[in-house]
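Each protein sequence line maps, in turn, to chains G and S.
Start counting the first sequence at 1; every next residue gets the next number (this note's numbering).
Start counting the second sequence at 1; every next residue gets the next number (this note's numbering).
In case anyone wonders, no lab produced these hints; they're calculated from the structure.
Note that beta-carbon positions come from the ideal geometry of N, C-alpha and C, so glycine has one too.
It cannot be assumed that every hint is accurate.
Said to hold, decoys possible - Covered stretches of chain S, going by a simulated chain G footprint (3 or more residues, C-beta under 8 angstroms):
#: 1; segment: 68 to 75
#: 2; segment: 90 to 97
To be verified - Derived Cβ-Cβ restraints for the label pairs, each shown as a range:
#: 3; chain 1: G; residue 1: S249; chain 2: S; residue 2: I115; range: 45 to 51 angstroms
#: 4; chain 1: S; residue 1: T121; chain 2: G; residue 2: P21; range: 29 to 35 angstroms
#: 5; chain 1: S; residue 1: A61; chain 2: G; residue 2: D171; range: 35 to 41 angstroms
#: 6; chain 1: S; residue 1: V79; chain 2: G; residue 2: E191; range: 37 to 43 angstroms
#: 7; chain 1: G; residue 1: K174; chain 2: S; residue 2: L35; range: 55 to 61 angstroms
#: 8; chain 1: S; residue 1: I115; chain 2: G; residue 2: R24; range: 33 to 39 angstroms
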Amino acid sequence: MESTHRTRSRIRGAAMWLLLPRLRAPLIALIITYSVSILGLVLIPGQAPDGGVYYLSFLDAFFVVSYTATTIGFGEIPHPFTAQQKLWMLFVMYSTVIAWLYAIGSVLSVISDPSFRRLRVYQRAVGRIRARKEPFWIVCGYGGAGNQVIRFMDQSGIRSVMIDSDQTRADTAKLSDMTYDLDVLVGDASEPQTLVDAGVQSALCRGVLALTDHNQTNLTIATNTRILAPRVPVHARSESDANTRNLRSFNTEVVIDPYRVAARSLTQLIRKPRAFALYHELVDPDLNQIEILNVPDSGHWIVCAGDRLAETVTEAFLRAEIAFCLVSPEVSPIGDSITWVQGLGTEANTLRQARIAEAVGIVAGTNDDGDNLSILLTARTENERLITVARRNKPTSEPVFRQGNFHYVLREGRILAQEMYARITTPLLHQFIGQLEVMPEALVQRIIEKLNMRLGNQSPELAHFDISLDAKDAPGVLLFLNTARAAKVGDLLLDPGADHLNMPLVCLLLVRINGDVVPFPGEDLLLGENDRLLLWGATGSHHRLHLLIRRADLFESVLSSRRKPAG
Amino acid sequence: MNTQRVWFAFFIVLALTLNFGFFVGEIDNPSHHNLYEFFFALIVSLIATILKIGDRSHLGAVLLATSLVADLQLIVAAVIWAYGSQVTGHVSGSVMASIVSLAGGAMLANVTSVILLIAETIQLKR
C-alpha cells in the first residue's frame with residue numbers, strides 16, 4: 001500500500017518537477033536584476049521640485065521597477081528623474097525586460113515541449129481513470145481487434161481504458177466516434193506501471209484484454225496482471241500453441257487463438273451453417289440478421305493459405321471429415337495424408353490442379369489481401385457456383401471485401417473481438433455458445449424459426465440480454481413462484497401491454513441456481529427462484545420485460561390472460 | 001569540489017546570517033535594525049528558495065518547505081514595513097516590533113534549513 005502510494009504521488013508530481021528545475025536559471029536572473037535595479041534606485045539621490053535632495057523608498061523603487069519590467073511605464077514618480085536617475089533607469093529597463101522575456105520564454109518552451117505535453121496528457125488520463133465511478137475493462141493494443149472490441153463494448157455501454165504504445169494509433173482511438181469518452185494511455189502495456197496507471201488495481205477493473213500483435217507482450221501483460229491484481233481476469237490473444245500452453249499454465253482465464261477460431265468458424269460454416277449464423281448474430285452487435293448459407297454436402301473445398309491458418313484449417317477439416325485440397329506455396333508440414341498443390345492459388349492453372357470445377361467452395365486465406373482478391377476473382381471465372389470465403393488482413397482493405405460479394409469474409413480482428421465480447425457481456429452467452437457447438441442443426445433451426453415467426457415481417461435490431469429472477473430484479477415474478485398459478489417461461493415473453501401478445505423474444509438458455517442448464521427451454525417449463533435466463537430478440541423488448549418482472553400487477557394480468565383462453 | 005554545492009550552501013548560510021544580523025538588537029528600536037540588511041536578507045532568501053527547487057528527495061522537499069516559510073515571513077514583514085513607513089508616515093516602536101518578530105520567525109526557519117544541511121553533510125561518507 002505504502003509503495004503504490006509513493007509511485008502514484010511520484011507520477012502525479014512529475015510534470016511540475018520537470019518544469020521547475022528548468023526555470024531555476026530564469027527565476028534567479030529575474031530576482032537578481034530586480035534587486036540590483038531596486039537597490040540602485042534607492043541609493044541614487046533625486047531632486048525634488050523645491051531643489052531639495054530626496055531618496056526613493058523601497059516601496060517606490062519596487063513600484064517603478066515592476067511597471068518598467070512589465071513594460072507598462074507609468075512615468076517618473078514621485079518627481080521627474082535627474083540625469084543620474086535616468087541613466088540608471090536605462091539599465092533597469094533593458095535588464096529587467098530581458099529577464100522577463102527570458103523567464104516567459106523558458107516557461108513557454110517547457111510547456112510546449114512535446115515530452116512535457118505527452119506527460120501532461122498521460123497524467124490527465126490517469127487522473128480521469130482514478131476518478132471513475134463505473135466498472136471498466138483495460139484493452140491493451142488498438143489494432144484491428146482492439147478497435148473492434150472497444151466499439152462492441154461501447155455499444156453495450158461497457159466502459160474501457162485503452163493502452164497503446166503508438167502515438168498515431170492513440171490519436172485515431174481518441175478521434176473515433178464513441179458514446180463514452182475513451183481514456184487512452186500512450187505507453188508500453190508490458191510495463192507494470194502502465195497497467196497500474198490504467199487502473200488494474202482498482203476495484204472497478206473488470207478485466208484486462210491483451211490484444212497486442214506480439215505474443216511475448218501479451219504474455220507479459222498476463223503475468224503482470226496475475227501478480228499486480230490476482231482477482232482481475234485476463235483475456236489474452238495468442239498466435240502459437242506454445243504461447244497458448246504457457247498462458248494456460250498460470251490459469252489465464254481466456255486464451256484466444258484467432259487462427260484456431262477462424263478454423264473452427266470455417267468448419268462450423270460448412271457443417272453447421274445455422275449454428276454459425278446464430279453464433280454470429282449473437283456475438284456481433286453490428287449484425288442484425290441471420291444469414292444462413294446453404295452449403296452443398298458433396299464436393300470438396302479448396303484452401304489457399306500459407307501460414308498458420310493452413311495448419312489450423314487442415315487440422316480442423318480433417319477432424320470434421322471435410323474433403324479439401326490445400327494450395328500452399330510451401331510444403332505442408334502435415335504430410336502426405338492430404339491432397340496438396342504447390343502454388344499461391346492466384347493462377348488459374350494451380351486452381352485447375354486443385355480440381356476447381358468439382359469444388360463447392362474456396363477459402364482465400366493468404367496473408368496478403370491482394371493475393372486473396374486475385375484468388376477469388378480467378379476462382380469465380382473458373383467455377384461461378386463456388387462458395388467464396390475471403391480472409392481480410394488489413395482493416396484498410398475493408399471496402400473491397402465488403403463490395404466483393406463474397407459469401408463470408410474472415411476478419412482476424414473481428415473474430416477476436418467477437419470471441420472476447422461473447423465472454424464480456426454476460427456469462428450466460430458464453431455458456432449458450434458452448435451449448436450451440438453440440439446442438440443439433442434441427443434445434444437451431446427451430447430457435448431461428450420461432451424468433452422469425454414472432455418478429456413477423458419486421459426486421460428490428462437484434463440483441464441478447466439476461467435477467468435473473470431474484471428479489472432485486474424480479475420482485476413481481478417471485479410472488480407467483482411455487483403457487484397454484486405457477487409462472488412459466490412463456491409468461492415472461494408476453495407483452496405487459498393491454499393485448500398480452502407475444503413479445504419478439506425467445507429464451508435461449510435457462511440456468512437454475514443449482515447449476516442445471518436448459519438450452520432453449522420449452523415455454524411450459526416452470527420458473528424457479530434465482531433462475532437466470534438468456535433472452536434474444538428485438539431491442540427495446542427488454543425494457544418491457546424488465547418492467548414486467550418488477551411489477552407484480554403487470555405480471556398478474558399476464559398470468560390471468562394466459563388462463564382465459566385455456567378455461 | 002562541486003561548484004553547485006558551494007553556491008547552494010553559500011546562499012542557505014547567507015540567508016541565515018543576514019537574517020540574524022537584522023534580528024539582533026532591541027526589538028522595538030528602529031535604529032537597531034538596518035533596512036538594507038533586511039532587503040538583502042529577503043533577496044538571498046528568495047534565491048535560496050529557487051536553488052532548492054528541483055531536488056526530488058525527501059530532504060530536498062523539507063529544505064524547500066523551510067525556505068518557503070522564511071520567504072513568507074519576510075514578505076509579510078516587508079509589507080508591514082512598507083505600510084508603516086509609507087502610509088502612516090513613520091515606523092513606530094510597535095510596528096518595528098512586529099517586523100522584527102516576523103523576521104525572528106523567518107530566522108527559525110533558516111536555522112532549521114542550516115541544521116538539515118549540516119545533517120546531510122555529516123551523513124556523506126567522505
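Status of each hint after checking the structure:
1. Beta-carbon proximity to chain G at under 8 angstroms applies to 0 residues in the segment 68 to 75 of chain S; the threshold of 3 is not reached and the given coverage is violated.
2. Counting residues of the segment 90 to 97 of chain S whose beta carbon lies closer than 8 angstroms to any beta carbon of chain G gives 0, which falls below the threshold of three, so the coverage claim is violated.
3. For the pair S249/G and I115/S, the beta carbons lie near 57 angstroms from each other, so the given range of 45 to 51 angstroms is not met.
4. The given range of 29 to 35 angstroms is broken by T121/S and P21/G, whose C-beta atoms sit roughly 22 angstroms from each other.
5. The beta-carbon spacing between A61/S and D171/G, approximately 36 angstroms, falls within the hinted interval of 35 to 41 angstroms.
6. Checked against the given bound of 37 to 43 angstroms, the beta carbons of V79/S and E191/G, roughly 50 angstroms apart, lie outside it.
7. Judged by the Cβ atoms, the range 55 to 61 angstroms given for K174/G and L35/S holds: they are separated by roughly 58 angstroms.
8. In this structure the hint that I115/S and R24/G lie 33 to 39 angstroms apart at CB is violated, the actual value being about 24 angstroms.
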